[in-house]
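The listed protein sequences correspond, in order, to chains A and B. For the first sequence, position 196 matches number 196 in my numbering, and the numbering has no gaps at all. For the second sequence, position 100 matches number 100 in my numbering, and the numbering has no gaps at all.
It is worth saying that the hints were derived from the structure and are not from the lab. Accuracy of the hints is not assured; some may be wrong.
Stated by the list, open to error - Ranges of calculated distance between the beta carbons of each label pair, as one might list FRET restraints:
{"hint": "1", "chain 1": "A", "residue 1": "ASP278", "chain 2": "B", "residue 2": "GLU80", "range": "35 to 41 angstroms"}
{"hint": "2", "chain 1": "B", "residue 1": "GLU36", "chain 2": "A", "residue 2": "ALA5", "range": "17 to 23 angstroms"}
{"hint": "3", "chain 1": "A", "residue 1": "THR47", "chain 2": "B", "residue 2": "ARG48", "range": "27 to 33 angstroms"}
{"hint": "4", "chain 1": "A", "residue 1": "GLY338", "chain 2": "B", "residue 2": "GLU64", "range": "56 to 62 angstroms"}
{"hint": "5", "chain 1": "A", "residue 1": "PHE79", "chain 2": "B", "residue 2": "ARG48", "range": "28 to 34 angstroms"}
{"hint": "6", "chain 1": "A", "residue 1": "ASN29", "chain 2": "B", "residue 2": "LYS69", "range": "55 to 61 angstroms"}
These numbers come from a predicted model, not from an experiment. For glycine and all other residues, C-beta sits at the position ideal for the given N, C-alpha and C.
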Amino acid sequence: MSLMAEVGQKAFDLGLPISVHLDVTYRCNERCVHCYLDHDDHGEMTTAEIKDVLDQLAEAGVFFLTLSGGEVFLRRDFFEIVEYARHLQFNVKIKTNAVMIGKKEAQRLRDLNVDTVQISLYSHRPEVHDAITKLPKSFERTVKAIRFLHEHGVRVTIANVLMTENQNDHYGVQKLAAEIGVMYVLDPTITPMMDGNTDVLALRVAGESLPEIFKNPALVPNQEEFCAPPPPVSEGDLDGYSCSAGHSFCYVSPYGDVFPCVQFPLPTGNVRQQKFMDIWNLSPQLKEVRSIQGKDLTVCSSCSHLTTCTRCPGLAYMEGSMRGPSTADCEKSFYRTGIATANMLMQGLSKPRTTAPLVQIQPLAVSANA
Amino acid sequence: MSETYIARSSSIAARALAGEMMIMNSVDSTFFTLNEVATAIWQAADGRTPLSEIVRTRICETFEIDEAKAQADAQQFVAELSGHGILLVSDQPLAQEATR
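Let the sequences and hints guide you as you build the complete structure.
In structure tokens:
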């Protein structure tokens, strides 16, 4: 186990929030076809409110801070927020489409010692990228910004979300990342919109196409291990739990709502009404999330993939139960190993469902800044 | 013998986890954890207090460690962190780069 993993496990065991994802806005200058957000501003936290939250997070022991959106640079105070976060010695990661980053911004991010800037890039072909973002010239601006940041010594990761529109372009994006000299990550997960609309799920890459991705050594270097049959499930595995959502990680929305994770829309409190640590320690919803063990999972506890599956409790929650299966992850486990999941066996399926019956079972409580 | 002054670099991220410090150097993402004694030195690295005084008042008294050994270990620890660019070292008082 790496030192970082050890520290993560320690925070998990102690129930300490070591990592927080804070969206500073949902506003955006792109209109990506797969985006799950409502881009209207329903009352974002002010600069002072965000600084207060950062003070509380630092006090709570949060080390890894991801600032994301929406497009973070649409906030005029974004650099003030980053500067304050760095003053509090957070390890800061920024997620952005980068279209507003020029040389001056790149230099400032370098001077602030931001750990990583993660930038969404959908294709190496401008017309495909721009068709997904619906912002003309966005490819050109984003790639230019990636080069600026790299030249200024800022660590950059290109995040390549795969969907039907760009599913064959990952080779090209990966090649572009290597040519520039930045890191590359691929994500085939498309999540439902925050208002419960599941239309965007039609953009998900079909399960049958996943093996091509999983068995591509350029994308998955440790093939043998990654695609190996899962090891037998032990008693200890049934007593444990793997996802950090609500255990050592949580999400704070631009309106101050606190959730176990970005894609786990279970409201647990609001930092405009309560102190962060009161929510973290006392929220009945977070206590319930933390109470779940492997043996409590209604279907997955009997699944051979229990220890290696990337089961997302948030997606499971959106399917109807945080203790239930996450069909999208059942699909990944099956196509990764070729071994049927308990969820499939229970339904008598020889291959996973192509679409998960996702529903938003509890609407987000948007807290307007009155 | 000249004094050694130490200050935390502003290029790092740092936080205490259950009494032990986690530190990450943003330049190369090197990740460190400090034990309780090293954490006490780190937290006292204000750029103004001589290292010998930090060791004497924060380490030897709190952890009941022999002073000569503690001073030698502290010098080694400081040299190591300085080598990774996360601690600034000087024989003159330093301006504190980071406040928390």
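Evaluation of the provided hints:
1. ASP278/A - GLU80/B: 35 to 41 angstroms: Holds, at about 40 angstroms.
2. GLU36/B - ALA5/A: 17 to 23 angstroms: holds (21 angstroms)
3. THR47/A - ARG48/B: 27 to 33 angstroms: holds (32 angstroms)
4. GLY338/A - GLU64/B: 56 to 62 angstroms: Since the Cβ atoms of GLY338/A and GLU64/B sit about 60 angstroms apart, the hinted range of 56 to 62 angstroms holds.
5. PHE79/A - ARG48/B: 28 to 34 angstroms: Check passed, 30 angstroms falls within 28 to 34 angstroms.
6. ASN29/A - LYS69/B: 55 to 61 angstroms: Once the Cβ atoms are compared, 60 angstroms apart, the range 55 to 61 angstroms for LYS69/B and ASN29/A holds.
Violation of the numbered hints given earlier is absent; every hint is satisfied by the structure.
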